[in-house]
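Going line by line, the protein sequences match chains A and B.
Using my numbering, the first residue of the first sequence is number 31, and each one after it goes up by one.
Using my numbering, the first residue of the second sequence is number 31, and each one after it goes up by one.
Worth flagging that the hints you see were computed from the coordinates, not collected in a lab.
One or more of the hints may lead you astray.
In this list, chains with the same sequence are indistinguishable; a pair is considered to hold if it fits within one copy or across any two.
[What the hints assert, rightly or not] Derived pair list, reagent style DSBU-like, types lysine-lysine, alpha-carbon separation capped at 30 angstroms: (1) LYS140 to LYS293; (2) LYS301 to LYS87; (3) LYS160 to LYS280; (4) LYS293 to LYS280; (5) LYS224 to LYS133; (6) LYS224 to LYS293; (7) LYS32 to LYS234; (8) LYS64 to LYS134; (9) LYS231 to LYS269.
Each chain, letter by letter, is given below.
Number of protein chains: 2
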Amino acid sequence: MKKIGFIGLGVMGRSMAQNLRNAGYPLFVYNRTKEKAEPLLKAGAEWCSTPAETAAKSDIVITMVGYPHDVEEVYFGENGLLGAAKEGTILIDMTTSTPTLAKKIDEAAKAKQVKALDAPVSGGDIGAQKGNLTIMVGGDESVFEEVKPVFSVLGENIVLQGGPGSGQHTKMCNQIAIASNMIGVTESVVYAKKAGLDPEKVLKSISAGAAGSWSMSNLVPRMLAGDYSPGFFIKHFIKDMKIALDEAEKMGLNLPGLALSKKLYEELAAKGEENSGTQALIKYWSK
Amino acid sequence: MKKIGFIGLGVMGRSMAQNLRNAGYPLFVYNRTKEKAEPLLKAGAEWCSTPAETAAKSDIVITMVGYPHDVEEVYFGENGLLGAAKEGTILIDMTTSTPTLAKKIDEAAKAKQVKALDAPVSGGDIGAQKGNLTIMVGGDESVFEEVKPVFSVLGENIVLQGGPGSGQHTKMCNQIAIASNMIGVTESVVYAKKAGLDPEKVLKSISAGAAGSWSMSNLVPRMLAGDYSPGFFIKHFIKDMKIALDEAEKMGLNLPGLALSKKLYEELAAKGEENSGTQALIKYWSK
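When you get a sec, could you build the whole thing from the sequences and use the hints?
Rendered as structure tokens:
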């Protein structure tokens, strides 16, 4: 079996790595904080002290880190992946990062006969645990086919969207749709409360029709219960919206709904809500 | 069986009236343009030459007209319903109209021992034809129970939301959620196209997850096919958004997403798109 390197053992990464280990893959792991690797090391994974060491020992390296600057560091930094990956190694960035950086990694990789894919996911920590993530892939088809068995361990809805950067662009489409819809469902709840309606009863009337959405069915009940624990962190959502707005600007595209959503969430984050879940948007109206 | 008056035989009203006739109710109809009543008259409905005459002949009168000023005219105008309804008559406005007007009708009705409900619907022309509309009701519970058999002919998801005006408020919650989501799904498609992605492939990745919604599944395919025919007219959507914004303002509530959506749709309407379906929002980016 292919030897897999895994870098980034946060909430998502640790479950994904565990699923790969459970599927029998020899696993080489690196993380900034070593303690997070302990359960995997106990399960037989081997510790690597740098991204470079991980690349040297693996056929495929998956990265699942935090922000684009972390991706940049892991791929291009001192002891980074690109300086150490052997010819033919496949580097897969599953972090939600910028399409521009994905293309830059692909170019740098190709210059060294290394292969790269961008493959961000949706489905959250639950999807990572259950191995049913949606995986949006950008890169060459032959590389995609080569790693499909690995993706199949991690996810269910796996689509090659196009060339390098296309996976990241697709994830941006996902976040863009969510961004304005979060405003819509939240304004709907706020209006319902202010009008003296019972928001749960309102949901009975509207959630199965043309106003219905995943966010309405899954996040509004949490808003109503006052449960602001993060399924998806506001700080990460802001990161994604920034990426999407930057990319849109580069393409000369005006996205007023996305800009509004970023503005509302940034105001909330500035008030200390950055570690709340995105459903805490309702607090914008209680200020 | 109760005698039912039906006022307003547009795309929605004519199907609803036909379903009531098919269910065996004696039907008395009035419409500004008499020709639209012909199929119903052939099916045994009786023509009335004014709302007042309709009220005088009926136990229950349903109104399904265009704009709040039409509702105002039908209820309070010369030869209007309220001047002619007998004690105990039930007047049901199923037009999407203002909560404020619904309360005004209820008060005027009560002063004459007449009963009133506001009961706007969602589900569109297809729901009206199939008799599976969602009906959002405001008014007294005893009146609601009295007319439930009639509602059951017209719809399936029938919820008493609260006192007078609550049905209209609930419909506003529905439109508010749709308003921002339309921006979200449209910006997502526009971004996908600009980034060189295949939007249909993007839908495969994102429509079943956290970005998913009725609008994404049902209206985006029409956008992509260039089909702008109205499931729901832009001009009617603007009417609804105006009502919601007015009511929100009365309640001291700021709804920036709704305001943005109204602005975008008004710009489109000003360019001649008022009779297109709401999915024509994508044309905002092709200007």
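Up to 30 angstroms CA-CA - LYS234 versus LYS32, copy category: between (50 angstroms within a copy, 29 angstroms between copies)
Within, between, both or neither: LYS231, LYS269 at alpha-carbon 30 angstroms: between (34 angstroms within a copy, 25 angstroms between copies)
Intra- versus inter-subunit Cα pairing at 30 angstroms for LYS293 with LYS280: Answer is both; intra-copy 19 angstroms and inter-copy 25 angstroms each pass.
Up to 30 angstroms CA-CA - LYS87 versus LYS301, copy category: Result: close neither inside a copy nor across copies, 45 angstroms intra and 61 angstroms inter.
Copy assignment of LYS140 with LYS293, given that the CA separation must stay at most 30 angstroms: Intra 38 angstroms, inter 47 angstroms, cutoff 30 angstroms: neither.
Intra- versus inter-copy proximity for LYS293 and LYS224 (alpha-carbon distance at most 30 angstroms): Both, since 23 angstroms and 23 angstroms are each at most 30 angstroms.
Alpha-carbon proximity context of LYS160 and LYS280, limit 30 angstroms: neither (37 angstroms within a copy, 47 angstroms between copies)
30 angstroms Cα threshold - placement of LYS133 relative to LYS224: Answer is between: at 16 angstroms across copies they meet the 30 angstroms cutoff, but 48 angstroms inside does not.
Copy assignment of LYS64 with LYS134, given that the CA separation must stay at most 30 angstroms: Cα proximity of LYS64 and LYS134: one copy only (29 angstroms, versus 67 angstroms across).
Hint compliance for this structure: hints 1, 2, 3 are not met, and every other hint is.
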